[in-house]
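Engineer: Respectively, the protein sequence lines represent chains A and B. So in the numbering used here, the last one in the first sequence is 503, and the numbering has no gaps at all. So in the numbering used here, the last one in the second sequence is 256, and the numbering has no gaps at all.
Since the hints were derived computationally from the structure, they do not count as laboratory data. Just to be clear, a hint being listed does not mean it is correct.
Derived coverage of chain B by chain A (criterion: at least 3 residues anywhere in the stretch with Cβ under 8 Å from a Cβ of chain A; other residues may be distant) [stated by the list, open to error]:
(1) 28 to 37
(2) 40 to 54
(3) 120 to 133
(4) 139 to 153
SDA-like, lysine to any residue: derived pairs with alpha carbons at most 20 Å apart [stated by the list, open to error]:
(5) B:40 - A:126
(6) B:40 - A:309
(7) A:341 - A:356
(8) A:112 - A:38
(9) A:153 - B:224
(10) B:165 - A:227
(11) A:158 - B:224
(12) A:353 - B:39
(13) B:121 - A:207
Every residue gets a Cβ at the ideal spot worked out from N, C-alpha and C, and that includes glycine.
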Amino acid sequence: MTDRLSRIPRSIMAALLLPAAALALAATQKAPPPPWWSPGEGRTFPAQIDYRNDSGTLRSLLVGGPLPTKGHPFFEPIGSNGRACVTCHQPADGMSLSAATAAERWDVTKGKDPLFAAIDGSNCPILPQGDRASHSLLIERGLFRIQRPWPVKEWQGKPVTPDFTIDVVRDPNGCNSAPGYGPAAGNISIYRRPRPVSNFKYLLAVGFAYDPKQGIALPRDPDGHGQSSGNLMADNRAANLRLQMEDAAASHLQLIGKLTPKQEAAINDFEMRLYTAQQASALGGALDSAGASGGPAKLRDSEPGALGSIGTPVWSEYAAWEKIPPEEAAKLTSEQLAFRKSVARGARVFRDKTFLITDSSGINSPAGFGNPVRNSCVFCHNMSQMGNDVAPGQVDLGTTTLPFADPWADLPLFRITCLKAPHPFYGRTFFTYDPGFALSTGRCADVGKITLQSLRGLAARAPYFSNGLAKNLRGIVDYYERRYNIGYTEQEKQDLVNLMSVL
Amino acid sequence: MKKLSFLLALAAPLSAQAAETGDLLRFVACPVYRDADSGKKSGCWLADDVAVGIRYDVSLSPYKPDWNRAVLVEGRLSGAAETACGAKVMDPVRASVLPEACQRHMLPAEGYPGRKFVLPKRNVDPASIVRKAPEGPFAERTFVLFFEFDRSFVVYQYSDYLLDKAVTWLAAAKPKKVVVTGFAASDPETVSGHSIAERAEVARERAELVTESIHRMLPDLVIETRSETGAKPADLPDADGIPGQSQRRVEIRALF
Chain A
1 MTDRLSRIPR SIMAALLLPA AALALAATQK APPPPWWSPG EGRTFPAQID YRNDSGTLRS
61 LLVGGPLPTK GHPFFEPIGS NGRACVTCHQ PADGMSLSAA TAAERWDVTK GKDPLFAAID
121 GSNCPILPQG DRASHSLLIE RGLFRIQRPW PVKEWQGKPV TPDFTIDVVR DPNGCNSAPG
181 YGPAAGNISI YRRPRPVSNF KYLLAVGFAY DPKQGIALPR DPDGHGQSSG NLMADNRAAN
241 LRLQMEDAAA SHLQLIGKLT PKQEAAINDF EMRLYTAQQA SALGGALDSA GASGGPAKLR
301 DSEPGALGSI GTPVWSEYAA WEKIPPEEAA KLTSEQLAFR KSVARGARVF RDKTFLITDS
361 SGINSPAGFG NPVRNSCVFC HNMSQMGNDV APGQVDLGTT TLPFADPWAD LPLFRITCLK
421 APHPFYGRTF FTYDPGFALS TGRCADVGKI TLQSLRGLAA RAPYFSNGLA KNLRGIVDYY
481 ERRYNIGYTE QEKQDLVNLM SVL
Chain B
1 MKKLSFLLAL AAPLSAQAAE TGDLLRFVAC PVYRDADSGK KSGCWLADDV AVGIRYDVSL
61 SPYKPDWNRA VLVEGRLSGA AETACGAKVM DPVRASVLPE ACQRHMLPAE GYPGRKFVLP
121 KRNVDPASIV RKAPEGPFAE RTFVLFFEFD RSFVVYQYSD YLLDKAVTWL AAAKPKKVVV
181 TGFAASDPET VSGHSIAERA EVARERAELV TESIHRMLPD LVIETRSETG AKPADLPDAD
241 GIPGQSQRRV EIRALF
């Protein structure tokens, strides 16, 4: 725990000690649990577990009570490389993995942790695995190598012939051009952040039966559980949790053979019981006080899949902080009061500050909204309580595709050539670091689309976006500002950062 | 790529007369976006019929323009005041995105407020709302949904609503078989000097996508898929009196 606490600035530490709510929170944590969960260590996952981070305290709730993890397939190294699911989905990191944690593990273990397995914890298995530089993408940006088959041959149970070609323009790590690697060898390597394994009730929820971005009814869950939400993975390649865990076990854990139905049921049971969100703010105190309803309990207790625009507004959890009664305000420091008001303003900015969304596939085409369309963050981050997309959330914000993506010398760059209709906004030929959803569908129009992220527990799992382009919460706001020329004031930017720090 | 402006200029003498309220208009134009701001989805879409030198407000189309591309505008002059966007209002109206490139252009609001977004009357209920099951007796019936020019995309808050109505009825009626027929307006026409025709294959694409949607919602239903080219206009209520829209359709016919 000391290593994690040492990352917290002194001023924030002081603020942490001030509020009564934070003191009460601390009192419930007799002995802070160690932040890193190693595979197979056999601790019990408690019904409630808190971890401090730079912004405050993250809380996870396990509905139904504590879980002994001894022998549990999420926590045991069931594959051949010594990893467990928990290796890359750490409770202290919002069930994802921050780049800071990866760097810490490298330093603590001198690179011996199974986290750095050559298969995907290094920039490429062909590189010298003992060198820190060979793992730079994981250590510096929290990126894992994802190898997808190419060309894709099947999508949603139907054969696919891609309508675009992929040429490797630049391959700094070798995994798209060395023998056995790259499109010429039948695969493509891209680099992505691990997505949080929590709050799945929301990610699996089906709000509407039709996908407005694809113009078709949602596909049926292959295991017969109604329709698939389409919100599970960055490229939506898994229609349900079973397929996601089988994909992860084979690729990230290097499991020989397959998960058993019993193992899948156990992982599913754990993941569906878990809710995670920031519980306390270092600057604002308890997030479920003074009428606010931040924290994971609200997530646990709410119905998933509701559209905020016709029901509970997104981030109205902090509406009560818009007007804090004098008697409540008197209990707060001036800094706490200012922070809470900022969070409430941030929620308003998130919902109400409109801007012109332009040239973004999945939004401006083909749904018929027009290009441009005036809207706000909640146009896409529209699910009450959670902020993911009620519809399947594959949109192209430009985070992985030129000219909008930032230049990255250490990522492979691909030239995309559309063979039939040109891409609606990029044209016939363009460049991308990650074709995203198109690696699943084989459609040129889907290049660059990435499934929207969950917005809960953000403070615990920097950096952000699928390729980690935003180093911190301010980086997210800055990206949107330069991508869409929004015109946020400095105050609005800080309000949004403060909001995101308490989700 | 053909020069759209050249083609538009050629067409100018063909339709150079002022329209009156209720008149059917059909022209190809490069759209102009007016950055009016009355909140979400409130901006204005304008399109000039260069044959008569009149600017129209086409914002009420269920599928809206892309400022990078030409649009096929179809609809009727409404007679409504021009106060929202500063142009003659077309309603009902459709604005189909065409492949031809246009110079993107945005006007400032210039005092025009645009229109505050109102949920369209054709919008799908959330899945959490239980649909009222239609009551029998059930007999042969045909449902129709409509498409943008040369596209097979089921239009959000228009055709998805019509599809949902059909699926809800089919789920209750349990017909012996459903025949899904896609149509394409594949006969070439000249509009604003521009020869346009839907691809013949879009008829099949429409039918297959609608079939797939119905199959996903009602997997046990027996569905036959057909396609027809050379579609003619039909008097269909949800085409809103726009002949071109009625041609670009899929029919879902339930047989008992």
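Engineer: None of the hints should be skipped; say for each whether it holds.
Structural biologist: So, going through the hints one by one against the coordinates:
no.	hint	result
1	28 to 37	holds (count 3)
2	40 to 54	holds (count 5)
3	120 to 133	holds (count 4)
4	139 to 153	holds (count 4)
5	B:40 - A:126	violated, 50 Å
6	B:40 - A:309	holds, 11 Å
7	A:341 - A:356	violated, 27 Å
8	A:112 - A:38	holds, 12 Å
9	A:153 - B:224	violated, 26 Å
10	B:165 - A:227	holds, 18 Å
11	A:158 - B:224	holds, 18 Å
12	A:353 - B:39	holds, 9 Å
13	B:121 - A:207	holds, 19 Å
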